[in-house]
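Could you put together the complete structure from these sequences and hints?
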Amino acid sequence: MALKFIALLLICQLAGEVFVVPTGLPVPGPVVGMALLFAGLALRGSVPVGLGRVVDVLLSHLSLLFVPAGVGVMLHIVMLRTEWAAISVALVLSTVLTILVTGLVMKVLIRWLERRGGEA
Amino acid sequence: MELDLSLGDIWVYLSAGPLLHLTLTVLAYLLGDAVFRRSGKRALLNPVLLSILLLVTILAVTDTDYPTYFAGAQFVHFMLGPATVALAVPLYRNLRLIRELWFPILLSIVTGTVVSATSAVLIARWLGASEQTLISLAPKSVTAPVAMGIAEKVGGLPSLSAALVVLTGVLGAVIGPAVLALVRVRDDRARGLALGVSSHGIGTARAFQISDLAGAFSALAMGLMALVSAFALPFVLRWAFGA
Numbered sequence: 001m002a003l004k005f006i007a008l009l010l011i012c013q014l015a016g017e018v019f020v021v022p023t024g025l026p027v028p029g030p031v032v033g034m035a036l037l038f039a040g041l042a043l044r045g046s047v048p049v050g051l052g053r054v055v056d057v058l059l060s061h062l063s064l065l066f067v068p069a070g071v072g073v074m075l076h077i078v079m080l081r082t083e084w085a086a087i088s089v090a091l092v093l094s095t096v097l098t099i100l101v102t103g104l105v106m107k108v109l110i111r112w113l114e115r116r117g118g119e120a
Numbered sequence: 121m122e123l124d125l126s127l128g129d130i131w132v133y134l135s136a137g138p139l140l141h142l143t144l145t146v147l148a149y150l151l152g153d154a155v156f157r158r159s160g161k162r163a164l165l166n167p168v169l170l171s172i173l174l175l176v177t178i179l180a181v182t183d184t185d186y187p188t189y190f191a192g193a194q195f196v197h198f199m200l201g202p203a204t205v206a207l208a209v210p211l212y213r214n215l216r217l218i219r220e221l222w223f224p225i226l227l228s229i230v231t232g233t234v235v236s237a238t239s240a241v242l243i244a245r246w247l248g249a250s251e252q253t254l255i256s257l258a259p260k261s262v263t264a265p266v267a268m269g270i271a272e273k274v275g276g277l278p279s280l281s282a283a284l285v286v287l288t289g290v291l292g293a294v295i296g297p298a299v300l301a302l303v304r305v306r307d308d309r310a311r312g313l314a315l316g317v318s319s320h321g322i323g324t325a326r327a328f329q330i331s332d333l334a335g336a337f338s339a340l341a342m343g344l345m346a347l348v349s350a351f352a353l354p355f356v357l358r359w360a361f362g363a
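Taken in order, these protein sequences are the chains called V and U. Mapping the first sequence onto our numbering, position 7 (from 1) lands on 7, and the numbers just tick up by one. Position in the second sequence (from 1) plus 120 gives the number in our numbering.
Don't read these hints as lab results, they were simulated from the structure. The C-beta atom is built at its ideal place from N, Cα and C for all residues, glycine as well. Check the hints yourself; a few may be wrong.
Said to hold, decoys possible - Distance ranges between label pairs, derived from CB positions:
1) V:48 to U:222: 24 to 30 Å
2) U:131 to V:108: 55 to 61 Å
3) V:93 to U:161: 23 to 29 Å
Now the structure itself:
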């Protein structure tokens, strides 16, 4: 039953929040919840079929969930206007650079590892 | 019964409850997604970007403020928490591949994290941005709640950070795949990782459109990147700005 697995996701999130608040850990509760669920799956050794189905539905609409926060950007249009040029140039260049460097480093390292694995 | 309500009255009535803006959010996204698919998935017609632009326009035209809008949209926003928890499933499904590549994964994520914060701060400083803006800009690639925490700790503006995080995410989702194709990074593991490090959850949502494998690597990158940044960035920023 799907409801059982929705409850499981909420419980993990709640446990994460409960863990984060008193410890003052600089990580958001849901991220700790993700770690908890991951640990649970590792202990169980497999993903329950029902959970897989619920998660696939939820993640197939992941983009939608960012829209309300994105609309909040409009609050900052005034603030952004004063340093508009500096911020937009920095955002674009830095994002391109980050994607470029991360992708290339990963690609080169995977190749290196596979070549080494092939020789051994 | 008085039935001669004007359209304006109906609008006022609906605006008072959360239903209208919740419905608008979902409809705007469906429309954005339909346009994206119809166009053959052109990067610039990213569904998140389109729906945000559409909603901001509607709110401006109807003179609605953000808190009123968010009273309805919060139900969608809330699902981010359970969705983040749910990312454990694709991570677990790809555990074998992740375990095999733990060293490249770790090294590329740390490299990407350093490049993201340093390049943003250096470029903006060179162009004359204020110190507060620089601090708010540094965690731009970190997932929003962590980025806001970092900015708050070091004297930036958390809400500005959140806005910059969203802009960065949309930007990465829009141009990321093209940038990676340009430098011939075709491996879904590397593509996912790059999207997750640079563009957190919005990049991860984009990576899931590429493949489940890319999505899992992106989710992993987003999580580890947030962890590294949460612990290291406040110290680095304090040192750099003497805050």
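Checked hints:
no. : hint                       : in the structure
1   : V:48 to U:222: 24 to 30 Å  : holds (26 Å)
2   : U:131 to V:108: 55 to 61 Å : holds (57 Å)
3   : V:93 to U:161: 23 to 29 Å  : holds (25 Å)
Consistency note: the structure conflicts with none of the earlier hints.
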